[in-house]
Structure formats: structure tokens, C-alpha cells
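Peer 1: Read top to bottom, the protein sequences are chains S and P. Each residue of the first sequence is one higher than the one before, counting from 1 in full-length UniProt numbering. Each residue of the second sequence is one higher than the one before, counting from 1 in full-length UniProt numbering.
Honestly, I wouldn't trust all of these hints.
What the hints assert, rightly or not - Simulated pairs of lysine-lysine, DSBU-like, Cα-Cα distance not exceeding 30 Å:
1. S:K211 - P:K271
2. P:K92 - S:K30
3. S:K59 - P:K134
4. S:K185 - S:K110
5. S:K78 - S:K59
6. P:K271 - S:K110
7. S:K291 - P:K134
8. S:K211 - P:K92
9. P:K271 - S:K185
10. S:K289 - P:K271
11. S:K110 - P:K93
12. S:K289 - P:K92
13. P:K92 - S:K291
14. P:K93 - S:K30
15. P:K93 - S:K211
16. S:K211 - S:K291
17. S:K289 - P:K93
It should be emphasised that the hints constitute simulated quantities derived from the structure, not laboratory data. Just so you know, these numbers come straight off a predicted model, no measurement behind them.
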Amino acid sequence: MAGATSLHAGGDVAARFENRAATREPAWFKWMLIAVSLTFFALFLLMPLIAVFVEALRKGWDTYLAALIEPDAVSAIKLTLIAAVIAVPLNLTFGVAAAWAITKFNFRGKHLLITLIDLPFSVSPVVAGLIYVLVFGAQGWFGPWLQGHDVKIIFAVPGIVLATIFVTFPFIARELIPLMQAQGKEEEEAAVVLGANGWQTFWYVTLPNIKWGLMYGVILCNARAMGEFGAVSVVSGHIRGLTNTMPLHVEILYNEYQFAAAFAVASLLALLALVTLAVKTWVEYQATKAKDVTE
Amino acid sequence: MSRRAFQVLPGFNLTLGYTLFYLCIIVLIPLSAVFLKTSQLGLSQFWDVVTTPRVVASYKLSFGASLLAAAINAVFGLGLAWALVRYSFPGKKLVDALIDLPFALPTAVAGIALTALYAPNGWLGSALEPLGIKVAFTPLGVLVSLVFIGLPFVVRTVQPILEDLDTELEEAAASLGARRWQTFRHVTLPILLPALLTGFALAFARAVGEYGSVIFIAGNIPMVSEITPLMIITKLEQYDYTGATAIAVVMLLFSFVLLLAINGLQAWTEKATGRNR
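Build out the structure end to end from the sequences listed, making use of the hints.
Peer 2: See below:
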């Protein structure tokens with residue numbers, strides 16, 4: 001549901017419509033619509049992206065690089081990577097397990113389960129952070145016990161990881177469920193009848209079928225994990241060099257009017273976004289190719 | 001129960017058990033904390049907290065701007081999807097790939113970039129200033145960032161439906177004498193409508209909860225440009241956990257209602273177009 005664009009293998013169909021008089025609009029309309037749409041696109045999507053890089057390099061390369069190798073920036077980059085490295089594999093395991101249970105078996109309450117998996121997408125990031133404060137914070141359910149045992153979750157790294165897991169929770173499951181539903185379970189059943197065990201069936205039959213969808217989900221999950229701001233901001237406590245992720249570091253620099261430094265760190269995240277989009281486009285291309293071969 | 005004995009594929013108990021376990025510890029138990037915490041508050045106290053004038057002003061801004069942004073996205077998103085599916089033009093592949101930028105770009109980055117653009121000394125802000133239009137640090141700024149965040153939802157829900165449309169329906173309409181506009185209005189639009197509404201609802205739901213991209217450009221002036229998620233943060237910073245939680249409950253209840261509506265809309269889309277999600 002929300003948050004996710006899903007893998008859609010389809011070729012370019014424009015020619016089909018443009019070559020027929022009955023499904024073609026007049027040229028003036030075509031170019032007007034393209035002009036209006038692209039202006040909107042440029043104003044709202046392209047210009048902000050360009051602005052990030054222009055602002056980052058406004059004071060030259062030296063300031064840019066200095067902002068990136070400064071110790072607080074480096075520790076923010078590390079923490080962002082740690083959060084993603086923990087959150088993505090956990091949600092990947094969950095996504096595969098959930099998709100297997102939901103698409104290969106029939107059981108009561110399946111639709112409710114799918115809706116519940118979607119839930120984190122419709123919860124505001126700020127609320128996502130708040131719920132962990134209520135559970136693990138000083139005044140929360142486990143707060144006194146955690147304090148007694150000298151374990152810190154809120155305003156520490158575990159809280160950041162938990163909040164990241166929550167906001168990226170549905171990404172991979174959401175991608176796999178429709179895909180595996182469409183593929184049915186005949187191939188897996190054939191494998192089991194031929195003597196394969198569960199792991200072999202998954203590894204040699206299911207995985208090759210879902211690999212592009214899986215990659216798609218992982219890429220989007222990772223982008224969100226590294227870029228999450230609202231949820232992480234609530235549980236972080238903003239301790240420099242300790243509990244700041246890259247987006248939080250950007251915020252601190254920006255609020256201190258260190259605009260060039262803020263945009264320098266932001267430009268790394270923008271690069272990550274561009275790489276995400278490039279890999280995503282490549283995966284879509286591969287999936288379309290694979291689909292054309294099988295058809 | 002007896003049917004399960006005939007299950008050919010293994011792993012049902014393991015995968016469903018793990019799914020439920022993980023869902024409970026990550027999502028359901030922490031979420032229930034919000035409702036338990038609020039239940040400590042009496043109903044009248046709860047009502048007082050969630051209807052203070054400053055909070056009510058934030059609802060008006062959050063819901064109003066989100067609705068308007070989703071409506072703007074529905075119009076321009078449909079235009080963009082149409083152009084991307086039906087026309088060939090230079091740079092189309094690049095535009096298509098960049099539509100998902102708001103999904104991939106961290107919200108804080110989007111927030112400071114939009115602020116830099118629309119601030120009085122920014123590229124767009126300095127052009128709008130002489131016209132008397134102020135965007136950054138006003139409710140209009142909130143609208144701009146919510147349009148940014150919601151655009152891909154509409155494009156990406158409408159685009160696949162448009163791609164899967166056959167030419168026959170429109171050809172039939174044309175051969176029966178319909179003008180192009182009539183064909184769009186009476187043939188194509190009704191098919192697209194469920195998807196368009198789904199995209200609208202998704203963009204709206206996302207916009208209501210959005211925080212990162214909004215707070216930089218909003219200016220956060222009490223009663224004027226504070227969004228509801230910011231009210232939760234403000235209460236938390238004052239260590240008013242009950243107050244923060246009460247507002248969170250209002251937001252959550254609203255999200256649940258929207259989630260149900262969106263599920264209904266998606267079922268309608270599937271029925272109307274005969275395709276699986």
C-alpha cells in the first residue's frame with residue numbers, strides 16, 4: 001500500500017496509442033500536456049534535487065569535503081549504516097516468511113494479517129517514534145527495569161534501530177505478497193513431490209522467481225532506512241557523535257546556519273537516492289526482459 | 001484443521017509463527033502502548049487536550065493542506081501519467097525514473113532543499129516575492145512540500161492501469177462518433193477513477209503524517225503554520241507524554257479510517273480493471 005511503488009514490468013506502450021487516429025490527441029494538446037506536466041515535474045521534483053547539489057558546493061570543494069570528514073559527520077554516517085544493516089536483513093527475513101505463509105497456504109484472518117502488515121505505512125513517523133518512547137522510555141513500561149539494569153534504548157542506538165525497523169517494516173513483504181500470489185504454488189508443489197525439502201524448494205524454485213521483486217523491495221527498504229527522519233528524531237535525543245544519524249546531522253547543521261555543511265551531508269543522501277532510483281530502474285528493466293522471455 | 005494434513009508445502013507453522021511474533025513485538029505491542037497510556041486519561045481530560053486551540057489550528061492546517069496537496073497531485077499526477085504512458089518525448093525515461101524521487105530522497109533533505117528554493121532569497125522565492133507571494137515560512141510552504149511528497153503516489157497508481165488499457169475501447173467510442181474529449185470523459189476516466197482515487201487517498205494519508213519535509217519550510221508559527229505531528233514533538237519536548245500520546249491517538253484513529261478506505265478503494269480498482277495488485 002502506501003509508501004511503496006511496486007515492481008511493474010511493462011514495456012513502452014506509447015506507440016500503440018500514438019499510431020492510431022482513434023486513440024491519439026491533437027498535436028497541440030499533446031505538447032501542451034507534456035509542457036504543463038514537465039513544468040510541474042521540474043518545479044516540484046527536479047529543482048529541489050538540483051538545489052541540494054548547488055547549495056552543497058556553493059562555498060567550494062574544500063568546505064564540502066571538510067563537512068564530510070568532520071568527526072560528527074563520520075559518526076553520523078556510521079550510525080546510519082549500522083541502522084540500515086540491522087533493519088534491512090530483519091525486515092527481509094520477515095518479508096519472505098510472511099509472504100510464504102500468506103501466499104502458499106490458506107488460513108482464516110489472512111486479509112486482516114495483510115492489513116496489519118501495512119499498518120506502519122499509515123502511521124505518522126512521529127507516532128512511530130513515540131510508541132517506543134512509551135514502551136522503553138524512562139517513564140515507559142520497561143523504563144524502570146531498564147534503568148535498574150543500566151540498559152539504554154531510548155536516546156541510544158537500539159532505539160534508533162527499532163524506529164528504523166518500524167518505519168521500513170512492510171516494504172519487502174508488501175513487494176513479495178502480490179508477486180508470489182500471482183505465481184501460485186504449482187512449481188513449489190512439483191519440487192516437493194519430486195523430493196526436494198523445504199529449503200531446497202525455496203532456494204532453487206521460489207527465489208529465482210522472486211529475485212527481482214525481492215531486490216526491488218530491499219532497495220526501497222534501504223533508502224527509507226537510511227533516510228528516516230521523523231521517527232528517529234523522536235528516539236534519538238540528538239547527542240552529537242553518538243545518536244545522530246545523517247538526516248539528523250543535516251537538521252542540526254541547518255539549524256546552526258551552517259548551510260553549506262548541511263547541504264554537503266544532504267548531498268550524500270541525495271546521491272544515495274539517485275543510486276536507489278538507478279538500481280530500481282535497472283531492476284525494472286531486467287524484470288521486463290525476464291517477462292518478455294517467458295511470454 | 002483436517003485439511004492441513006494434506007498440505008504439500010512445508011513451513012506453515014514456522015513462517016506464520018515467525019510473522020505473527022515479529023508483527024507483535026515490532027508493531028502491535030508498541031502501538032497498543034499509545035492506547036493504554038491514553039486510557040489513563042479520563043474522556044473529558046482527553047477531549048480537553050486534543051481540542052486546545054493551538055492543536056485544533058494544527059488539525060486544520062494538516063488536514064486542509066494535505067487535502068489540497070492530494071487534489072493538486074491528482075490533477076497533475078494524472079497529466080504526468082498520461083504523458084508518460086501515451087506520448088513519446090525526449091527525456092521520457094529519465095522523467096519516469098525521477099518520479100519516485102520523493103520515495104527515495106530522505107524527507108529532511110527534501111525539506112531543506114525546498115526551503116532553499118522558496119526562501120525569500122531562493123531561486124523561486126525571489127521570483128515570487130515581487131508578486132507578493134510568500135511561500136517559505138507560511139502555510140503555502142507546507143502545501144508545497146506536501147505536493148512534493150505525494151506526487152509519486154498518484155502517478156504510480158494510475159500509470160499501470162493506463163499501460164494495461166487496450167486501444168479497442170477508445171476505438172469503439174471513436175467509431176461510434178465520440179469526440180476525443182467525450183471518449184476520455186465517458187470511457188477512459190471511469191476506468192481510471194478507482195486508481196486515481198486510491199492515489200489521491202494514499203497521497204493524502206502520507207501528507208497528514210509527514211514531518212521531515214514540512215518542518216523546515218513551515219516556519220512553525222503557533223496557530224498559523226504548525227502541523228499536527230509537530231504538536232506531538234512539542235509536547236514531547238516539554239515532557240508532556242500524556243498530551244503527546246492523546247494527539248497521537250487522534251492521528252492513529254484517523255490513519256486507521258483512511259487505511260480501511262484505501263483497502264476498499266484498492267478492492268474496487270481490482271474489480272473495475274480485473275487486475276491483481
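Peer 1: Decide, hint by hint, whether the structure agrees.
Peer 2: Hints versus structure:
1. S:K211 - P:K271: Roughly 28 Å separates the two Cα atoms, so the pair holds.
2. P:K92 - S:K30: holds (14 Å)
3. S:K59 - P:K134: holds (27 Å)
4. S:K185 - S:K110: Satisfied, since the Cα-Cα distance of roughly 17 Å is no more than 30 Å.
5. S:K78 - S:K59: holds (25 Å)
6. P:K271 - S:K110: holds (19 Å)
7. S:K291 - P:K134: Status violated; Cα separation ~49 Å.
8. S:K211 - P:K92: Holds, at roughly 27 Å.
9. P:K271 - S:K185: holds (23 Å)
10. S:K289 - P:K271: holds (28 Å)
11. S:K110 - P:K93: Not OK: K110 of chain S and K93 of chain P at ~38 Å, beyond 30 Å, violated.
12. S:K289 - P:K92: holds (19 Å)
13. P:K92 - S:K291: holds (22 Å)
14. P:K93 - S:K30: holds (17 Å)
15. P:K93 - S:K211: holds (23 Å)
16. S:K211 - S:K291: Roughly 13 Å separates the two Cα atoms, so the pair holds.
17. S:K289 - P:K93: holds (16 Å)
In summary, the structure is inconsistent with hints 7 and 11 from the numbered list given earlier, while agreeing with the others.
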